[in-house]
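A.B. asks: Generate coordinates for the entire structure from the input sequences, incorporating the hints supplied.
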Amino acid sequence: MMSNRQLLPQSHRYYYDAKKLCDEIKPNAYEQLPYTCKILAENIVRKAEGRYEEDQINTWLNELIEHKKEIDFPWYPARVVCHDILGQTALVDLAGLRDAIAEKGGDPSKVNPVVQTQLIVDHSLAVEYGGDDPDAFEKNRSIEDRRNEDRFHFINWTKTAFENVDVIPAGNGIMHQINLEKMSPVIQVNGDTAFPDSCVGTDSHTPHTDALGVISIGVGGLEAETVMLGRACMMRVPDIIGIHLTGKRQPGITATDIVLALTEFLRKEKVVGAFLEFFGEGADSLTIGDRATISNMTPEYGATAALFYIDQQTLDYLTLTGRDPQQVALVKEYAQATGLWSEMMKTAVYPRTLSFDLSKVERNIAGPSHPHARLSTRDLKTKGIAKPHTQINNEIPDGAVIIAAITSCTNTSNPRNVIAAGLLARNANRRGLTRKPWVKSSFAPGSKVAEMYLNEAGLLKEMETLGFGVVAFACTTCNGMSGALDPAIQKEIIERDVYTTAVLSGNRNFDGRIHPYAKQAFLASPPLVIAYAIAGNIHVDIEQDSLGQDKNGSDVYLKDIWPDDHEIDEIVKTFVKPQQFNAVYTPMFASKTINKTTHPLYDWKKDSTYISRPPYWNSELSQPRSLKGMRPLAILPDNITTDHLSPSNAILPNSAAGEYLSKMGLAEEDFNSYATHRGDHHTAQRATLANPKLFNEMVKDEHGQTIQGSLTRIEPEGKISRIWEAIETYQSRQQPLIIIAGADYGQGSSRDWAAKGVRLAGVQAIVAEGFERIHRSNLVGMGILPLQFEAGTNRHTLKLDGTELYDVIGTPQAKGSLTLKITRQNGQIDLIPVHCCLNTDEETLVYEAGGVLPRFAQDFLATHSK
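Count the sequence shown with the numbering used here and you get residues 1 to 866, in order.
Derived from the structure by calculation, the hints contain no laboratory data. Check each hint, because a few of them may be wrong.
Calculated lysine to aspartate or glutamate pairs in the EDC-like style (CA-CA distance at most 16 Å, straight line) [to be verified]: (1) K270 to D744; (2) K606 to D150; (3) K159 to D603; (4) K719 to E697; (5) K605 to D99; (6) K719 to D744; (7) K573 to E456; (8) K346 to E31; (9) K26 to E66; (10) K20 to D72; (11) K110 to D99; (12) K139 to D670.
C.D. replies: Take a look at the structure:
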């Protein structure tokens, strides 16, 4: 294997020559490989040393060369990045695993992440104080620390208890933006060997750094735990699609407009699960900030990765963000030596290629419920969004925008988008425009650098004037942490049943996600968010209607205040500097010497509602799944998201979780969000299917219409109840459960509790028309069997109503076929063929073991002794 190492003469580093081996298998094969395959080939060659036989390595490489999908091969990511919600729950699971290992006589101190694990606390802050409060940042941080004391105590413990865990504390930024601006070196070095950086992250937007040419994919916490513990991700050659970007964007068009148009286009082209590679003159014209906006929204168009080649833009960005010149030189030399450089990718052959013209992109928003539901702003009237509306004094109008948030790494990692917002604010202030009083506005950049360059450019004060002061350096509204409304505004919304909306520069706008009292939400570019805050109403035709009057009483329109592209670029060029990135990140990542604690077991607090010892090794969960006599917990429509399955936003007092927290002595103001309680299964399991926007087709009114809410029907009694009460009832009966669903089941965030919750409820199988990639994997990781109807068969064709009993006939195995036995209330039996959605042999073993954690415990105890 050493013979495959070659020297980089300038950097004096060695690299593994995957080209040599690929071309030995098939002449000139390497130059035709997509970018993804070249990186995976290098990973196989480098990590195979001392592990696998030559014939096995050649077989795997041939799979990549021929684009076959027949054999599993190992992928070893270099890093794991985590936000505090899923990262914390992953580490809670590992702490619980240590307890289980200790109880079986193993040495718990040997349970550690073996790859670099970076946890950034960015998901726990709620915007209780909006951007019109000059002290909002300090006040919100203070509340965050108070509410999350138990969580932060555990996270701090992990720094000393586990090896290879680094923590960036709250108040510093969003994991993806920090990953893009600092953590990813693009090319890693270990000893004398250089190799491509790669990572998995506990958030579906981890592909943000795909913009740098780094394979970064979002996974659930369960998959992350597998990588943390040094086990390979077993995969098959993915669908790899080349996206040829042609043309250049028109004046006044932002990267947000481009990505919303791409999201609509790619959803229609059905790229779910694919690795996308963007190339062409259009891709060359995009800055890394623009590319990152596109890569960030990978899960919104359903793909796994969205890669751009390494080119001069990459090197310029690394220089801009303060990377060491020697590192920048290594990236260039390595990319050119290994064929990863953009100019050397022109011979790549893709099994499928799509073309998208950037010059055709218009100004867009997306909504009202899905990020792929694009709306051209010139068509808002014809689409029924903009419509006649009246304003009575300062009464909150129908269609009121109650939340306007510049949020999310999707856009705030792109200086052009942020500068555009600052310039629009300046122009609006000059014309005397103000935001409407019912609009809760906020600015939460994903990095402190954004605040610095806005301040130096004199634009931060312009945003503050309109109520868009910095409230946090965290995910906030995009993650559903938009905070409480003014009580008077909330009271009026409830009493008058006002149709209200949110507008945000984020990536998710599913119903019920952004705020309990925002009935729908729209995605928009940062400057458009400010424009909607000024208009105050989603029914305003943002392109054609007046946004307000200037000091002379003249109408002011969007075109009057929209920033000029040349001015945006000049300000970016002048005021975004390497020194700012160094000032932020050098102290943040300063080397620290930490004395590891000698006690490997966590001291669980008995009364905590944030951190509890996980139950996944309890006897009731370790029992074999019968897959017999299952009753449906729910029959669900298409497009069920992980927000439906386990919401992340504020906990309401009349919810099952709210009632539990009240019983545990928490004041309503400190209920916090569902997301922050995911380290405590007692609270988190009460979030299962708790979204008030859920439609369970088992629950209908007297007209046969499905009733909205967290409701189901307990069988065989036929009693309608809240889903949590049904779960408790079925648990008392030891009744196995099943869920029936439509297409695209499990869209959205990589939320392992969307699988954990239903597993703890007793769900043994889920049958759907199709699954989103990460959620399907999480189901397997919890020992739940994902099954897919054959094309043309669904809950409607089968006329399912929830009174049935279900059995699965056959032995679950990778890519196999099984039979779903449906026993109807009248005794009729239907035998329906279904696909077993276990994708690899390793997944079959994980499922048989009852999930990722029991599987690891079995293997660990078999190979370690105390």
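A.B. asks: So if I understand the rule, the pair passes when the alpha-carbon distance is 16 Å or less; does K719 with E697 pass?
C.D. replies: holds, 14 Å
A.B. asks: Does K20 pair with D72 here, judged by a C-alpha cut-off of 16 Å?
C.D. replies: This hinted pair is violated, its Cα atoms lying about 22 Å apart.
A.B. asks: Hinted pair, alpha-carbon criterion (16 Å max): K573, E456. Please report holds or violated.
C.D. replies: holds, 12 Å
A.B. asks: Within 16 Å, alpha carbon to alpha carbon, are K26 and E66?
C.D. replies: Measuring from Cα to Cα gives roughly 10 Å; hence the hint holds.
A.B. asks: K605 and D99 were given as a pair; does the straight-line alpha-carbon distance stay at or below 16 Å?
C.D. replies: The given pair, whose Cα atoms are some 14 Å apart, holds under the 16 Å limit.
A.B. asks: Please work out if K139 and D670 have their alpha carbons no farther apart than 16 Å.
C.D. replies: Holds, at roughly 14 Å.
A.B. asks: Is the hinted pair K606 and D150 satisfied, with a Cα-Cα distance of at most 16 Å?
C.D. replies: holds, 12 Å
A.B. asks: CA of K159 to CA of D603, is that 16 Å or under?
C.D. replies: Given pair K159, D603 holds - Cα atoms ~15 Å apart, limit 16 Å.
A.B. asks: Within a Cα-Cα threshold of 16 Å, do K270 and D744 meet the stated pairing?
C.D. replies: The hint holds at about 11 Å.
A.B. asks: Hinted pair, alpha-carbon criterion (16 Å max): K346, E31. Please report holds or violated.
C.D. replies: holds, 9 Å
A.B. asks: Compare the distance between the alpha carbons of K110 and D99 with 16 Å, and conclude whether the hinted pair is satisfied.
C.D. replies: Answer holds: K110 to D99 is near 12 Å, not above 16 Å.
A.B. asks: For the pair we were handed, K719 and D744, check the Cα-Cα distance against 16 Å.
C.D. replies: Distance ~29 Å between K719 and D744 Cα, so the pair is violated.
Checked against the numbered hints above, the structure breaks hints 6 and 10 and satisfies the rest.
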